[in-house]
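Participant: If you read the sequence shown in the numbering used here, its first letter stands for residue 18, the second for the next number, and so on.
Simulated from the structure, these hints should not be mistaken for laboratory data.
Predicted model only: the values in this text are computed from it and were never measured.
Glycine included, C-beta positions come from ideal geometry on N, C-alpha and C.
Incorrect hints may have been included.
What the hints assert, rightly or not - Just the calculated beta-carbon pair ranges, DEER-fashion:
| no. | residue 1 | residue 2 | range |
| --- | --- | --- | --- |
| 1 | Thr-111 | Arg-133 | 26 to 36 Å |
| 2 | Ala-41 | Pro-112 | 21 to 31 Å |
| 3 | Leu-122 | Asp-45 | 16 to 26 Å |
| 4 | Tyr-108 | Pro-129 | 32 to 42 Å |
| 5 | Ile-119 | Asp-67 | 35 to 45 Å |
| 6 | Asn-58 | Asp-104 | 18 to 28 Å |
| 7 | Tyr-50 | Arg-90 | 13 to 23 Å |
| 8 | Glu-49 | Glu-121 | 15 to 25 Å |
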Amino acid sequence: MNTSDISSIIIRSYQPSDLSACKAMILDGHREYGNDIRYFNLAFETDMADIEKNYLQVPNGHWWVAVSTDDNRLVGQVAVQPLRLGDPFYYERTPSEERDEICELRRMSVAPDSQR
């Protein structure tokens, strides 16, 4: 998708059939920025190993994907996870009256050819 193209994007909830595209997008992003591949492996072995359980079935959690209507290709993704799951260390150090109201954005990425 060229930056001069005007295309439609739909945002929808993650579906199990999106897993390989989500993994590839995360991996490509880490490679593009020169990140250690171990980070990707850790992500896939932990929260991404079961997206339904770790995001979709968790209160205040979710995973969305952005899909191009031109070619039905996944062009972006983002997840939200309660702080108690996303960063338990920080959760314990956050004031009790606030910590259950905080979530983290996780696994945000946009396909390079869709970035503007």
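Participant: Check the following: the C-beta atoms of Glu-49 and Glu-121 are separated by a distance inside 15 to 25 Å.
Facilitator: holds (22 Å)
Participant: Has the hinted range 18 to 28 Å been met by the Cβ atoms of Asn-58 and Asp-104?
Facilitator: holds (19 Å)
Participant: May I ask you to test the hint 32 to 42 Å on the CB atoms belonging to Tyr-108 and Pro-129?
Facilitator: holds (33 Å)
Participant: Mind checking the hinted window 35 to 45 Å against the Cβ distance between Ile-119 and Asp-67?
Facilitator: violated (23 Å)
Participant: Just to be sure I understand the hint, the distance between the Cβ atoms of Tyr-50 and Arg-90 should be within 13 to 23 Å; is that true here?
Facilitator: holds (21 Å)
Participant: Measuring from beta carbon to beta carbon, are Leu-122 and Asp-45 in 16 to 26 Å?
Facilitator: holds (19 Å)
Participant: Do the Cβ positions of Ala-41 and Pro-112 conform to the proposed distance bound of 21 to 31 Å?
Facilitator: violated (39 Å)
Participant: Between the beta carbons of Thr-111 and Arg-133, is the distance compatible with 26 to 36 Å?
Facilitator: Given a distance of about 35 Å, which is inside 26 to 36 Å, the answer is holds.
Checked against the numbered hints above, the structure breaks hints 2, 5 and satisfies the rest.
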